[in-house]
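Engineer: I would like the entire structure built from these sequences, with the hints used as guidance.
Read top to bottom, the protein sequences are chains A and B.
At position 198 of the first sequence the residue is numbered 198 (UniProt numbering), and the sequence of numbers has no breaks.
At position 139 of the second sequence the residue is numbered 139 (UniProt numbering), and the sequence of numbers has no breaks.
Calculated from the structure, these hints are not laboratory results.
This one's a predicted model, so the numbers in the text were calculated from it and none came from an experiment.
Check before you lean on any hint, since a few could be wrong.
[Claimed, not checked] FRET-style restraints, in silico, Cβ to Cβ:
id, chain 1, residue 1, chain 2, residue 2, range
1, A, LYS177, B, LEU557, 52 to 62 Å
2, A, PRO244, B, GLU251, 33 to 43 Å
3, B, TYR159, A, LYS177, 33 to 43 Å
4, B, HIS517, A, LYS241, 47 to 57 Å
5, A, GLU119, B, LYS249, 51 to 61 Å
6, B, VAL154, A, GLN364, 30 to 40 Å
Note that the Cβ used here is the ideal one computed from N, Cα and C, for glycine as well.
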Amino acid sequence: MASLSFSSSVSSSIPFLRPSALLLRPRPRPPSRLPPVRAKIREIFMPALSSTMTEGKIVSWVKSEGDVLSKGESVVVVESDKADMDVETFYDGILAAIVVSEGETAPVGAAIGLLAETEAELDEARARAAAKSPSSPAPAAPVAESPAPAPVPSAADLTPGKVVATPFAKKLAKQHKVDVGKLAGTGPFGRVTPEDVEKAAGIAPAPKTNVVAAAPVATPVAAPAAPAKAAVSYPEIPGAKIVPFTTMQAAVSRNMIESLSVPTFRVGYPIATDALDALYKKVKGKGVTMTALLAKAAAMALVQHPVVNASCKDGKSFTYNSSVNIAVAVAMDDGLITPVLQDADKLDLYLLSKKWKELVEKAQAKQLQPQEYNSGTFTLSNLGMFGVDRFDAILPPGQGAIMAVGASKPTVVADKEGFFTVKNQMLVNVTADHRVIYGADLAAFLQTFMKIIQNPESLTM
Amino acid sequence: MHSAISLSLSSPSPIARSSAVNDTCPSPPRSLRFCGLRREAFGAGASSAATSLRLTSSDSRSQHSNLNGVFAALKGSSSGFDYDLVIIGAGVGGHGAALHAVEKGLKTAIIEGDVVGGTCVNRGCVPSKALLAVSGRMRELQNEQHMKSFGLQVAAAGYDRQKVADHANNLASKIRGNLTNSMKALGVDILTGFGTILGPQKLKFGKGDSGDKIITAKDIIVATGSVPLVPKGIEVDGKTVITSDHALKLEFVPQWIAIVGSGYIGLEFSDVYTALGSEVTFVEALDQIMPGFDPEIGKLAQRVLVNPRKIDSYTGVFASKITPAKDGKPVQIELIDAKTKEPKETLEVDAALIATGRAPFTKGLGLENINVQTQRGFVPVDERMRVIDANGKFVPHLYCIGDANGKMMLAHAASAQGISVVEQVTGNAHVLNHLSIPAACFTHPEISMVGLTEPQAREKAEKEGFEVSIVKTSFKANTKALAENEGEGMAKLIYRPDNGEILGVHIFGLHAADLIHEASNAIAMGTLIQDIKFAVHAHPTLSEVLDELFKSAKVKLTAPKTVAQAVPV
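Structural biologist: The structure is reproduced here in structure tokens:
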């Protein structure tokens, strides 16, 4: 078994502290609300064990929660597409929490465990782990200790003071953190069965969903969201074929339903594109794409309007993002994905275009790393390229705004003096979360965006 | 006279072969390597002429020797005894010895008190393979993800217990029939009854009453095998507390079964029972389950065969008392600490399978008549299977093979030992290399091994002062394994980097049991890594796992072969 060390240095809050973000472009930045102590809790990432590895399966945790680790010790065994490897830690500390348990799969780069530096941080790390793992069931549902449940044979058959649980029941109990000692078994001779444990953990029997791998796929969709109807039976139309969702489609579906809980509103703006089209013609030969131009323009406008780049994560606060990461929706054969142009405000057009090309290729090969599709702070959806003149997009959960770009087409416009001219014009429509972004914010942002598009020279600088 | 014919055909052939090699092979003598039983010289660059010569000679030999057997059977023993060779016990060991004896022209009889085929065919390897074939399929069909990854859709898989049991039983009868027929066809006398040794070269057989018949034999082989070992305190009722003998009949599939012992037998049964829906608890006296396997293989096997399945285990404990289910109570297993003997837990399960090993079956064999004392029930023998009496002397013309001598309790080891004995009694000094005997555990996936484990090899290396190297390959990199969606597994080679000797090979993965023979043959033939790595393997096959293994081994040859070649200046 080969050995490999992973660097477990960066905690998820680090992007806030990324020095380059501060040094290169000083700008009003909301204060980080994260307590500094967090830096001492390190995430253990799913390492990339080979160049083709996109996700890994946890074969086994060599260490258990609460174990003290010293640098160089192997902590976890990870199975990649090639081999099983023992993964070692770079740091001393305490294994505070296991986020991805044995047998589960996590994408490369995802946190699989938390390492606390001192015991004092254990609780905090555990709390974070609980927040991270949406699957973590409510701690052992308190099951009443009924002394003699109905189907159990007479009490004489039970060995007093002792709990009998079957091997699988014990395994499940460990997995779901259920105390078998508190369960009343319904199996033969009063033993605790796997079903008893599942019931106590509040789960339906047998669904083996993998929570960690289900990375949020940001999903703007140009369709009105269907109202979520719970378990309504629709009339069956004979001859209909039922095709189950793929993983990606299921993720889209989940996100769409989730988006319904966000109060959104829409603001449209017509923008003349003659200057942009002229610029595009000039730089097209150098590999610059329209997507890169639009992303760059949006990023530059966002820098001036940080609130539009913010989001509301908990319903109580603004989360101001330090990076401007533009997610751009790409249609795939079986769904859609939103590769992210990270730091789009800082990259020049050529780099941005190059980066975009790489991302699209990776997306089509389904090789995007999680941070390459889930780190967006603002989304761009360009159905204009298909001739759509106007549409509105659904706001992906976790972001503040999404921009729907319509097709640019010759339009008769009247100027201030009342003269009619024909100009190329496109309609952009931004959907935003009204909890953090207000109408005036969007209007101001769109104005800035319009100015950039109509005077696009700044894009090339 | 007949044996003279057989000799004249077989013995000149190696000479002819070696001279042919020398004549036709232009390579310098240094490339000649002595392999096999070190009787045959076979050049590394041997021409096809030499190979074809070998084939023809062995063909003619076997034809003639079959004829010899028939003559011998018709004529009777040439030695003045009733038989040249009598074998007590018609298991796989006795059968292998009998067939080889006939080939060697010996008048042979085999005594069987129960059914032909012994443990392996009737209560062991054979019926268990039938059950494992079922469990393997069940496991595959139940694994929805596995099926989906093939694009297959399978509705809920189920089974009919009685039909599964019938399959095992039918297989055993079929193999038993084959064994019986093969011996009858060759003229081996099958004598029914229990055999008892009365003295040197003399024995009786029958039901142990006055109807017993006395016969004489030039040589006698004891091949009485073994029975399941049931430790003290365990009450076997054949229903809820069972041994492998009962389990193979698959009379019921308990919801929860404790398997006492986690060696080959326990592990195979855990595979069967979990596939059929049971939950399993291992009770192991040693500190870890699956003792006896190479630790690294054991670790991997545990990850694949135990952890994800409905199995838990208690290690470092003895089952001091096991009471079958009765009076509405489940099976009770009392556990005590293996070291301190302090009582620990009591398990309540639906059934218990005792798989703690096997005890030699030597009762009533009349060993006292020839002053042989068994050691823990085993018949003491030397490396040539010659039986040693209480005074440390060889009992003339008496040999013991198989489980009864305890050297290596495997069916094919018994057979190999039997063949070795027949070689000796027909005048060929032959010593079986037990390190070349492969072993396999037929779980899903399978485990196989030959030679030393890594700790054994390291210990030997320290004692003898040589270096040990290890290389490993993964099934994940094998095309065929990936096509089957069975990339789980590894192969491990333990070797000497100074001379390229293979010390041990361990495989865990799809069809591991079938893959091990390339390695075991190499060890038997003394083939070195630097030679076998040039052997070609069909692509894509699982055998490439071993190919890659041999190729990745690094042998530091002190005398490079290239020295002999002319170096252009």
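Engineer: For which of the previously enumerated hints does the structure constitute a violation, in increasing order of number?
Structural biologist: none
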